[in-house]
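Undergrad: The residues making up each chain are set out below.
There are 2 protein chains.
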Amino acid sequence: MKLYFSPASPFARKVLVVAHEAGMADRIEILGSKASPVATDMTIAASNPLGQVPSVLLPDGQPLHDSRVICEYLDSLAGAGLFPAGEARWPVLTLQSLADGILDAALLARYETALRPEPLRWKAWEDGQMRKIQRGLDQLDAEAGGFVDRVDIATIAIGCALGYLDFRFPHFDWRGGRDRLDAWYAGFAQRPSMQATQPKG
Amino acid sequence: MKLYFSPASPFARKVLVVAHEAGMADRIEILGSKASPVATDMTIAASNPLGQVPSVLLPDGQPLHDSRVICEYLDSLAGAGLFPAGEARWPVLTLQSLADGILDAALLARYETALRPEPLRWKAWEDGQMRKIQRGLDQLDAEAGGFVDRVDIATIAIGCALGYLDFRFPHFDWRGGRDRLDAWYAGFAQRPSMQATQPKG
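Protein chains in written order, with the numbering used here: chain R, 83 to 283; chain L, 83 to 283.
One should not assume that every hint holds.
The list treats identical chains as one, so a pair stands whether inside a single copy or across any two.
DSSO-like mimics (lysine-lysine), calculated; alpha carbons at most 30 Å apart, straight line [claimed, not checked]:
hint, residue 1, residue 2
1, K84, K205
2, K205, K282
3, K116, K205
4, K84, K116
5, K282, K84
Hints are computed from structural coordinates only; laboratory data are not their basis.
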């Protein structure tokens, strides 16, 4: 299968981390892209009208998106168990949603401060996104005792979210006052799947 | 279970439509909310740090979010089959992702033009969101022949997306040149689940 990818996209990274953890990385052909919210990459848009990464094209031409769908597809194909079944499914998917929501807020804060022309920036918008991130991180820190030795779609999404904060918000001290989350991430970030997929600007 | 809800939120509507279609609507206690990207509703944030609707609190206090997770949970509880298993699952989830992406773009366009102070608005941002919506609608129109008599998480998400465009973008003629999508929606919008959940400002 073909994956439209950007090395700076945290949602694209999620897909690659899942591919590595599920032993599927060598089944994926990576295609470069120029996705941006203000300039469409029409190569992506031909199969995904949203023009976003990550997007997959299966060998028969069928498109798959977004990251949640692609990750679950890869997990299902490999039988890797990163998406639990039964009662365990819902807290794991809710935690993925929290990590994805932190990333959505981080991307909007990044667009506000790096893409939008300076005179058009709105501090209240940026502040609203950063408060979401702060509250989300507090919640993750409170739960981090349960993350140890756990590799599933929730911990992968959390790892990608924290990696994105280090990458794009180097002066934002997400570790301050969050020792449990910091300690967990220090170990998780050493996994080969995370090392092989570090973001690049 | 308790549902934090806003009658203007299209993602919250998705949850209620699923609840109606799955015969679960009477199991849900609806709680009002004041979710906004620039002013946090701390009542929601107590269980969902993102402070967004829809969010659910289960009777044991366990939180569930976001709309995709809650919809799949309700479907699973009722055995309603709105989320197919097997090979049929991936195109349905990809279509849900397209409808959700249209909604994400519509919400960002709405925040840009109705929430952000006028001197800080950026036309290129609004245009980028509207182009996503236009391309997404073209794709839905091309596929609309396959939507007829189909009630699943994809057609529900599409119905909620089109309903939101009618609600918040009344001067945006999404029907123009999209006769198949228009004809399908005219019927789908008459379902009791859609009639019972019409958006309110």
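Undergrad: For every hint, state whether the structure bears it out.
TA: Outcome of the hint check:
1. K84 / K205: Neither. Shortest intra-copy (39 Å) and inter-copy (33 Å) distances fail the 30 Å Cα cut-off.
2. K205 / K282: So K205 and K282 pass the 30 Å test inside a copy (27 Å) and across (29 Å) alike.
3. K116 / K205: Both, since 28 Å and 20 Å are each at most 30 Å.
4. K84 / K116: within (16 Å within a copy, 42 Å between copies)
5. K282 / K84: Within one copy, since 20 Å is at most 30 Å while 42 Å is not.
Figure legend: structure checked against the earlier numbered hints; the only hint not met is number 1.
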